[in-house]
Amino acid sequence: MKDIFIVEDDALIAMLLEDMLSDLGYRVCASAPDLERALATARDAEFDAAILDVSLAGRSSLPVAKLLDERGKPYLYATGYGSAPEGSSPSALPVLRKPFQLSELEQAMKQLCET
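Heads up: the sequence shown begins at 1 in the numbering used here, then just goes up one per residue.
It is worth saying that the hints were derived from the structure and are not from the lab. Any given hint could be a false lead.
Said to hold, decoys possible - In silico BS3-like pairs for lysine-lysine, Cα to Cα no more than 30 angstroms straight-line: (1) K110 with K2; (2) K98 with K110; (3) K110 with K66; (4) K2 with K73; (5) K110 with K73; (6) K2 with K98.
Based on the provided sequences and hints, a complete structural model is requested.
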């Protein structure tokens, strides 16, 4: 089973994402609703991959992505904006566009786990 770190500022979306991941056989081992907690968790916690919201209360999650790149942790963006933030690494692919279906999450996680 893959341990997943979720960075999402909307509590309802985070809960839905956790349920969907569980249905797919993944375990959410950490979650962060804001940039400060996301950075601390990305730096210190053990997990296999991450799902990042692009905007955390108006602040870019790009610093979290850069930290994940440094640690060699795969991640994807889940966003309503349609694309990863400017300056993102190509390793951030795929981008999961909100709202998404379980099948879309499943496909994105398969791609992510192949990296």
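Okay, the hints, checked on the actual structure:
Proposed proximity of K110 and K2 is supported: the alpha carbons are some 11 angstroms apart, at most 30 angstroms. Proposed proximity of K98 and K110 is supported: the alpha carbons are some 18 angstroms apart, at most 30 angstroms. Among the hinted pairs, K110 with K66 is consistent with the structure: their alpha-carbon atoms are about 22 angstroms apart, no more than 30 angstroms. This hinted pair checks out: K2 and K73 have alpha carbons roughly 12 angstroms apart, not beyond 30 angstroms.
With a CA separation close to 15 angstroms, the supplied pair K110 and K73 stays within the 30 angstroms bound. Proximity of K2 to K98 is assessed by CA-CA distance (about 22 angstroms); at most 30 angstroms being required, the pair is judged to hold.
Comparing the model with each numbered hint stated earlier shows that all of them hold.
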